[in-house]
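Build the full structure now, drawing on both the sequences and the hints.
Going by the working numbering, 194 is the number at position 194 of the sequence shown; the sequence numbering is gapless.
With a straight-line Cα cutoff of 16 angstroms, these simulated EDC-like cross-link-like pairs (lysine to aspartate or glutamate) come out:
(1) Lys239 to Glu210
(2) Lys179 to Asp222
(3) Lys260 to Asp294
(4) Lys221 to Asp181
(5) Lys254 to Asp206
(6) Lys118 to Glu134
(7) Lys302 to Asp206
(8) Lys179 to Glu158
(9) Lys302 to Asp257
(10) Lys74 to Glu33
(11) Lys260 to Asp250
(12) Lys272 to Asp250
(13) Lys269 to Asp250
(14) Lys239 to Asp206
(15) Lys299 to Asp257
(16) Lys299 to Asp206
(17) Lys239 to Asp213
(18) Lys71 to Asp81
(19) Lys71 to Glu29
(20) Lys269 to Asp286
(21) Lys71 to Asp23
(22) Lys272 to Asp286
(23) Lys221 to Glu237
(24) Lys74 to Glu29
Estimated spans, in silico, between C-beta atoms of each pair:
(25) Asp286 to Ala70: 34 to 40 angstroms
(26) Ala70 to Lys130: 30 to 36 angstroms
(27) Asp263 to Ser200: 17 to 23 angstroms
(28) Asp286 to Lys105: 39 to 45 angstroms
Just so you know, the hints here were simulated from the structure itself, not pulled from any lab data.
Cβ coordinates follow ideal geometry from the N, Cα and C atoms, glycine included.
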Amino acid sequence: MKQVAAIAMLVTSLFSTPVLAEDRFAKVEISSEPVAGNVYMLQGAGGNIAVLAGEDGTFLVDDQYAPLTAKIQKAVADLEDQPLRFVINTHWHGDHTGGNENLGKGGALIVAHENVRKRLSTEQFIEAFKRKVEPSSPAALPVITFTDATTFYWNGDEVRVQHVGPAHTDGDSIVHFAKADVIHMGDIYFNGTYPFIDLSSGGSVDGMIEAMDTALAMSGKDTKIIPGHGPLSNPAEMKVQRDMLVTLRDRIQKLLDSGKSRDQVIAAKPTKDFDKQYGQGFMTPDIWTGIVYDSLAAKSRKS
Numbered sequence: 001m002k003q004v005a006a007i008a009m010l011v012t013s014l015f016s017t018p019v020l021a022e023d024r025f026a027k028v029e030i031s032s033e034p035v036a037g038n039v040y041m042l043q044g045a046g047g048n049i050a051v052l053a054g055e056d057g058t059f060l061v062d063d064q065y066a067p068l069t070a071k072i073q074k075a076v077a078d079l080e081d082q083p084l085r086f087v088i089n090t091h092w093h094g095d096h097t098g099g100n101e102n103l104g105k106g107g108a109l110i111v112a113h114e115n116v117r118k119r120l121s122t123e124q125f126i127e128a129f130k131r132k133v134e135p136s137s138p139a140a141l142p143v144i145t146f147t148d149a150t151t152f153y154w155n156g157d158e159v160r161v162q163h164v165g166p167a168h169t170d171g172d173s174i175v176h177f178a179k180a181d182v183i184h185m186g187d188i189y190f191n192g193t194y195p196f197i198d199l200s201s202g203g204s205v206d207g208m209i210e211a212m213d214t215a216l217a218m219s220g221k222d223t224k225i226i227p228g229h230g231p232l233s234n235p236a237e238m239k240v241q242r243d244m245l246v247t248l249r250d251r252i253q254k255l256l257d258s259g260k261s262r263d264q265v266i267a268a269k270p271t272k273d274f275d276k277q278y279g280q281g282f283m284t285p286d287i288w289t290g291i292v293y294d295s296l297a298a299k300s301r302k303s
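Set out below in structure tokens:
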């Protein structure tokens, strides 16, 4: 129930008025969980944050929403009272980048794939929610971008930031803390729910599966996995979701190939044997089936 409530907060905060959002964020608490080595996971509202703490300065992966910045800074200072030096954005969505402006003005360098900067700097439209997103302020934009990968040698670790996809969006990165053996997946992995695939931002169901395969190939049996949303995980759990995605993609593809319309595919309930486990979040089975159908139909039109 805690996870469902957190996802409900995510959706509400994306589509609420500023005053309502501020009121809701006032009740949010930031929790901290040790992951491995000097890597920690923070949870509040929005995407999970990774913290690499140490004498070189603090290193964050994602930063949730602007009204939570002070609470996040306090949680980070409780781990290691050093200046915040770098923030990696795993993709452009506001529940992962909302704190950029505050942290950037505070002296942190924002780093992301080049498509993250492109999308943050221009008006976007998330088709799944009929939601227009205004451009971010210049201070919120990544000041360092990359096209494929970049590596940080920081706080005794080797932090590899790898672009994957298009998957959840066209700007996704996974972040591998090599020494600590921790991978932050961004929203390629929603632990416990059907994952949101933002087709209007270049995402695809095939890309989600391929990105999970990339991360699994980097992983050992003891690797810790930080999902974009949900509790701390591991490769075995993530592979279960990866296999679910393959099964349901193939089912929906078969229905599409048989000539069924989008509404007919949704009515066929191809996800029904997985819905109890994965269908309790904001990605309801019918909404998610429609998104996967659209992803596969778009691929068919291109081929």
